[in-house]
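Trainee: Line order of the protein sequences matches chains A and B.
At the far end of the first sequence sits residue 115, using this note's numbering, and the numbering has no gaps.
At the far end of the second sequence sits residue 112, using this note's numbering, and the numbering has no gaps.
It is worth saying that the hints were derived from the structure and are not from the lab.
Using N, Cα and C, we set each Cβ at its ideal position, and we do this for glycine too.
Don't take each hint at face value.
[Said to hold, decoys possible] BS3-like, lysine-lysine: derived pairs with alpha carbons at most 30 Å apart:
hint, chain 1, residue 1, chain 2, residue 2
1, B, K54, A, K83
2, B, K99, B, K71
3, A, K78, B, K71
4, B, K99, A, K62
5, B, K54, A, K11
6, A, K62, B, K5
7, B, K54, A, K44
8, A, K11, B, K71
9, A, K44, B, K5
10, A, K83, B, K99
11, B, K5, A, K83
12, B, K54, A, K78
[As the list claims (entries may be wrong)] Here's a subset of chain A near chain B, in silico, CB distances under 8 Å, partners left out:
hint, residue
13, F65
14, E68
15, A88
16, L91
17, P108
18, G109
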Amino acid sequence: EAGVAQSPRYKIIEKRQSVAFWCNPISGHATLYWYQQILGQGPKLLIQFQNNGVVDDSQLPKDRFSAERLKGVDSTLKIQPAKLEDSAVYLCASSLPGTLIYEQYFGPGTRLTVT
Amino acid sequence: DQQVKQNSPSLSVQEGRISILNCDYTNSMFDYFLWYKKYPAEGPTFLISISSIKDKNEDGRFTVFLNKSAKHLSLHIVPSQPGDSAVYFCAASALGTDKLIFGTGTRLQVFP
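The following block holds chain A by itself, in its conformation from the complex (with noise of 0.2 Å):
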C-alpha cells in the first residue's frame, strides 16, 4: 500500500513570495489532516478535511494560508504572502472516517525555509 506522497520534499523561498505545497493520501482515505512543525516543536493541525469538506480551520492562519481538497483526493496548502515564521515543515496525513484516531498516516513532510 503506498504511503501519504508529498511534494516537494523542501522548498526555499524569499519572504512576501507565494509558496505551494501539494499532498496525495492514501487511496481510500477520506479524511486529510495539514500540519505545521515548526522547529523545536510538535506538529499543530492547520486544516482537517472531510473528503472535500473542510472539518476544522480554526488554527490556519487565514489572512495568509489556504487549503483545498478537490474531488476529496488530493489537497494543497498555499501561502501568500509568506512571512519569516513560516518556516517549518508542513505534514499531511490521512486516515479513514470513524477508525481509530492512531490511525492517521503522515507524509514525509515539505520543509520550507523563508529567507
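Given chain A, work out where chain B should sit, using these hints.
Mentor: Okay, now just chain B, sitting in the frame of chain A:
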C-alpha cells in the same frame, strides 16, 4: 498555551538499558494518549497508545504508563536499541474528537 509538554528535549541511553520518556498534560478533557516516533526526513509513525480508562499498555519492548491524577504519562523502552534513536512525540486527544495535540518532542539517542 502548551497543553501537552515534554520537558526533556533530549535523552541519551546506552544500548540494552531502559529509556524513559516523559510527558505532562494540562487538559483534563484528554482521554486518549499516543506516542509517535519520527526519524529525520520522515513523517511521524504511530508507536503505542493508551486510553484514560487504563494505566498501562504494553507492546513488546514498549510500555506506556498513565497517571491521570498527576496528568502524566511515560514511555518505557526496554531494552533500548540503536534503531530506537529518533524523536518521540507524545500526543493527546479529547473524547469525541480526532484532533491530536502534540508535545514538543524528545530526541532519544541510544549509543552502543
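Trainee: For a C-alpha distance cap of 30 Å, please report whether B/K54 and A/K11 respect it.
Mentor: violated (43 Å)
Trainee: Does B/K54 pair with A/K78 here, judged by a C-alpha cut-off of 30 Å?
Mentor: This hinted pair is violated, its Cα atoms lying about 41 Å apart.
Trainee: Does B/K71 sit within 30 Å of A/K11, going by the straight-line distance between their CA atoms?
Mentor: Measuring from Cα to Cα gives roughly 39 Å; hence the hint is violated.
Trainee: For a C-alpha distance cap of 30 Å, please report whether B/K54 and A/K83 respect it.
Mentor: Cα-Cα ~44 Å, so violated.
Trainee: B/K99 and B/K71: Cα distance at most 30 Å?
Mentor: Holds, because 19 Å separates the two Cα atoms, which is no more than 30 Å.
Trainee: Measuring from the C-beta of A/F65 to each C-beta in chain B, is the shortest one below 8 Å?
Mentor: violated (18 Å)
Trainee: What's the verdict on A/K62 and B/K5, does the C-alpha distance respect the 30 Å limit or exceed it?
Mentor: holds (27 Å)
Trainee: Keeping to a limit of 30 Å between CA atoms, is the pair of B/K5 and A/K83 held or broken?
Mentor: holds (27 Å)
Trainee: Is A/K83 close enough to B/K99, meaning Cα to Cα at most 30 Å?
Mentor: holds (26 Å)
Trainee: Keeping to a limit of 30 Å between CA atoms, is the pair of A/K44 and B/K5 held or broken?
Mentor: Roughly 13 Å separates the two Cα atoms, so the pair holds.
Trainee: Per the CB criterion, is A/P108 less than 8 Å away from chain B?
Mentor: With Cβ-Cβ at 5 Å, under 8 Å, it holds.
Trainee: For the pair supplied as a hint, A/K78 and B/K71, is the alpha-carbon distance within the 30 Å limit?
Mentor: This hinted pair is violated, its Cα atoms lying about 37 Å apart.
Hint check: violations occur at hints 1, 3, 5, 8, 12, 13, 14 and 15; the rest are consistent with the structure.
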